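Peer 1: Here are the chains, one letter per residue:
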Amino acid sequence: MAGPTLFTVKRRTVITTATVVVVLLAGALAVTLLTSGKGDASDAMVEYQAGHRPLAPDFTATSVTGKPITFASYRGKTVVLNFWGSWCPPCRDEAPTLEVLAQQYGPKGVDFLGDDVNDTPQNAVAFEQSVGITYPSVNDPGYAIVQDFSQVAPVSDTPTTVVIDRTGHIAGMVLGSVTYAQMTKLLNFAAVTQ
Amino acid sequence: MTDVHTPPSAEAAEDEGEATGPFAGDDSGVAGGGGTGGTAGPPQAGAGWLRWMWRQLTSMRTALILLFLLALGSVPGSVLPQQGADPAAVTAYYTEHPWLAPVMNDLGLFNVFAAPWFAAIYLLLFASLIGCVVPRTFKLVGSARTPPPRAPRNLARLPHSASYPSVLAPDAAVDAAAAVLSGARFRLRRPADGDKGHWLSAEKGYLREVGNLVFHLSLLGVLVSIALGGLFGYKADKLMVEGSQFSDTTSALDEFHPGRLVTGSDLAPFSLTLNKFTATYLTSGQSIGQPESFIANVTYAATPGGRQRTDNIEVNHPLSVDSVKVYLIGHGYAPVFKVANAKGQVSYEEATPFIPANTSSLLSDGVVKAPEDSLGFEGVFVPTAVMTSNGTLESLFPAADNPEVSLIGYSGNLGMNDGVPQSVYQLDTTGMTKVSGSPHLMSQGQTWTLPGGRGSITYVGTKQWVSLAITYDPGQVPALVCALLAIAGLLLSFFVRRRRVFVRAVPAASGTGSVVTVGGLTRSDASGGFEDEFASLSAELAGLDGPDGSDGPLPNNQSETGA
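Protein sequences appear in the order of chains A and B.
Residue numbers for the first sequence follow the numbering used here, beginning at 1 and rising by one.
Residue numbers for the second sequence follow the numbering used here, beginning at 1001 and rising by one.
Calculated directly from the structure, the hints in this document are not laboratory data.
Small disclaimer: the values here were computed from a predicted structure and weren't measured.
Even glycine gets a Cβ: it sits at the ideal position worked out from N, Cα and C.
Treat the hints with caution; some may be incorrect.
[Stated by the list, open to error] Over the 12 Å line for every Cβ pair with chain B, so calculated as not near, a few chain A residues:
#1 Y74
#2 P96
#3 Q104
#4 P107
#5 R166
#6 Q182
#7 N188
#8 F189
#9 V192
#10 T193
[Unchecked claim] Non-contacting residues of chain A with respect to chain B, defined by C-beta distances greater than 12 Å in every case (computed):
#11 L55
#12 A72
#13 Q103
#14 K108
#15 D111
#16 T184
[Stated by the list, open to error] If you anchor each label on the Cβ, the simulated ranges turn out as follows:
#17 B:L1484 with A:Q151: 54 to 60 Å
#18 B:D1311 with A:Q151: 33 to 39 Å
#19 B:S1406 with A:A26: 57 to 63 Å
#20 A:V192 with B:T1310: 45 to 51 Å
#21 B:N1275 with A:T167: 38 to 44 Å
#22 B:L1484 with A:A72: 49 to 55 Å
#23 A:A26 with B:T1310: 42 to 48 Å
#24 B:R1051 with A:H52: 48 to 54 Å
#25 A:K67 with B:T1280: 40 to 46 Å
#26 A:Y180 with B:K1276: 26 to 32 Å
#27 B:N1297 with A:A72: 31 to 37 Å
#28 B:S1284 with A:P96: 56 to 62 Å
#29 B:T1310 with A:T167: 25 to 31 Å
#30 B:T1430 with A:G106: 35 to 41 Å
Work out the full structure, taking the sequences as your base and the hints as a guide.
Peer 2: Shown next as structure tokens:
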């Protein structure tokens, strides 16, 4: 009887010890996750290498001036999609930069499009006229388009600016207000689709 | 309760191998293998030390101390302001106790449930429970596989015993007893080939240990459920004006408190439209103005482009969509304003949520920002306005029966182009000049033309807003199930006793029939029910051989009850 008993005891000890070790490791992981703060993601830039770019969701919406806009019609061009609102100071701050870029990159086959969230068309148009924004914006009061994009990319705050390459894939994004340098870098990066 | 009361008659069992001390050899601690570990001193060797520490950790006493510490550790979590639940209160605490607050922050007292020391208690309890449950599961499986011990030779020395004459031969008498005990769902053991004598061992009450294990496993389950909620759950708030839409995504939320492993794409992708909010208030009696009902009528879709459904959200009736619950937690008024420049070009037209300053009359404060016209307004919304004799505006009733707004206009730079985020409920008036004619009182439909060609503001109409709490707690249902299982397990282990009954038959001295002795034994008979059970069992056994042997059992109980 001694042999099998010894064996059984050993197996039990091994299983008990293994269980405890696994649980302690899982616990240590949990503690690390619970105590470590999340990284500061403000003004961060995200880039996706060609071949690993998430497909941008399609949408159809009405522009703030009342025209229908279908995102699929932009396929074949690089698109800068800016999520903004006239109520949002960082968005108002970056708008002139985006307009300069739109003037500069428009002839090079880059289209700019705004997605105006949590806003009324009246407020949006008044702001665009006062700053002189020439590119169109769709009206997205309930964040429906943002929700679609947040399923494939970390669009988590306003403003966020997404750059979509010629094939309709998301090449990268700027979280927070854009700078001119960030955008030229992203646009060059997006041009490489192979 | 944790100790086995070894019957004084244990030594009565003679040299029948396993039967020596009928419950001897079973582990004694109710709370696990280490139940008595605390009593032995630490040994010298290194491995021995580890073993001793392990025994200490997995002992019932340590588990109870840890459970108590866990409860004690939760106290500051409910007494002190917590960063996650109420960051403003934490800031206020810093202002009030400038030297104490940093120390408390270092100790994690403002975020107790995420503090390392709290996690340490939690994890030690976890380890203690596992170290207790795993060996006991093996033990239970082992004891379920092992047949009951052989019957002791002298059953009369057991705590409970009885004997009766039977007309049946010893073999038949034991067979008859076996049938009865088997019918009472006892596990039986009969003599193997080569064993001498006519006897029977029976045992039942394994559910006691099963219940005990279920209890411990359920406690583990509760801990795991809480962890699940903390890691994968989230809480969020959203303010919505009547007629507006909302898609559940991080950018759209006013407040978002995600669990540690939650990212934006984990949010349930539902969308919701607030069609109408209806609040009714008592219109007469002493509690006039008290709310009667709040109903938010919403249309929602669980997925983008999915089927649209309509439902009402009420105070104790949240909306359930895709395992997320949406609660109605607040309401207020959102007057609609239109701001235009001197040429009549509109620069602002929006329902503007005002925050109740008085929760019973719903007198509310808010601001209007029209940066394109460099205009800002601080406003007071009065749902049922009356002008008192001393010239102040008051609200008589919370419903919007006679809504009026009083506005103070400011002109100048609102600071909204500096890129610095600002609250939509506050106006920074530094560097702005007050518009003459302020405060200006307006009824619905009225326009205030500002002096000096600065434009105009129109109070177009009144909408209502609701505040919604969106919560997802994947640990809620498992925690409830585990808590119920824990109670069920505890009850099982309280009310079920492990008990053994032995039967021996020897040929009667007269030559025909036999004399049957029945012995009974139980472990930790706290509720004292075994005596009755044994009496009725032995009476049933004695009555087996028909009307002749109706003498009944001769009880020679050794009064072991209440042990």
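Peer 1: If a hint holds in the structure, say so; if it does not, say that too.
Peer 2: Results for each hint:
Every CB of chain B lies more than 12 Å from the CB of A:Y74, the least distance being 20 Å, so the non-interface label holds. Not every CB of chain B lies more than 12 Å from the CB of A:P96, the least distance being 9 Å, so the non-interface label is violated. Every CB of chain B lies more than 12 Å from the CB of A:Q104, the least distance being 21 Å, so the non-interface label holds. With a closest Cβ-Cβ approach of about 28 Å to chain B, A:P107 is found to remain outside the 12 Å limit, as its non-interface label requires.
For A:R166, the condition that its CB be more than 12 Å from all CB atoms of chain B holds, with the nearest at approximately 25 Å. Distance to chain B confirms A:Q182 as a non-interface residue, since its nearest Cβ pair spans about 15 Å, more than 12 Å. The claim that A:N188 lies off the interface holds: its Cβ sits roughly 25 Å from the closest Cβ of chain B, which is beyond the 12 Å cut-off. Distance check for A:F189 against chain B: the nearest CB is about 23 Å away, which clears 12 Å, and the non-interface claim stands.
The claim that A:V192 lies off the interface holds: its Cβ sits roughly 26 Å from the closest Cβ of chain B, which is beyond the 12 Å cut-off. Distance check on A:T193: its Cβ is at least 24 Å (rounded) from any Cβ of chain B, clearing the 12 Å threshold; non-interface status holds. A:L55, annotated as away from the interface, keeps every beta carbon of chain B farther than 12 Å; the closest lies near 14 Å. Every beta carbon of chain B lies more than 12 Å from that of A:A72, the smallest distance being close to 15 Å; the non-interface claim holds.
A cut-off of 12 Å between C-beta atoms confirms that A:Q103 is not in contact with chain B; the least separation is 20 Å. With a least CB separation of 27 Å from chain B, A:K108 remains clear of the 12 Å interface cut-off, as annotated. At roughly 22 Å from the closest C-beta of chain B, the C-beta of A:D111 stays outside 12 Å, upholding its exclusion from the interface. Annotated as non-interface, A:T184 keeps its C-beta farther than 12 Å from every C-beta of chain B; the closest such distance is 20 Å.
Separated by about 37 Å at the C-beta atoms, B:L1484 and A:Q151 break the suggested range of 54 to 60 Å. Checking the proposed 33 to 39 Å range against B:D1311 and A:Q151 shows it is violated: the Cβ atoms sit about 24 Å from each other. Range check, B:S1406 to A:A26: Cβ separation about 59 Å, and the 57 to 63 Å hint holds. Restraint check, A:V192 to B:T1310: a C-beta distance of roughly 48 Å satisfies the suggested window 45 to 51 Å.
Taking 38 to 44 Å as the suggested C-beta distance range, the pair B:N1275 and A:T167 conforms, at roughly 40 Å. Distance hint check for B:L1484 and A:A72: the Cβ-Cβ separation is about 53 Å, which falls inside the suggested range of 49 to 55 Å. Taking 42 to 48 Å as the suggested C-beta distance range, the pair A:A26 and B:T1310 conforms, at roughly 44 Å. The supplied range of 48 to 54 Å is met by B:R1051 and A:H52, whose beta-carbon atoms lie about 52 Å from each other.
Checked against the given bound of 40 to 46 Å, the beta carbons of A:K67 and B:T1280, roughly 43 Å apart, stay inside it. For A:Y180 paired with B:K1276, a C-beta distance near 46 Å fails the hint of 26 to 32 Å. At about 35 Å, the beta-carbon gap between B:N1297 and A:A72 stays in the expected band of 31 to 37 Å. Between B:S1284 and A:P96 the beta carbons are some 59 Å apart, a value that agrees with the proposed interval 56 to 62 Å.
In this structure the supplied range 25 to 31 Å is violated for B:T1310 paired with A:T167, their Cβ-Cβ distance being about 40 Å. Checked against the hint of 35 to 41 Å, the pair B:T1430 and A:G106 passes, with Cβ atoms roughly 40 Å apart.
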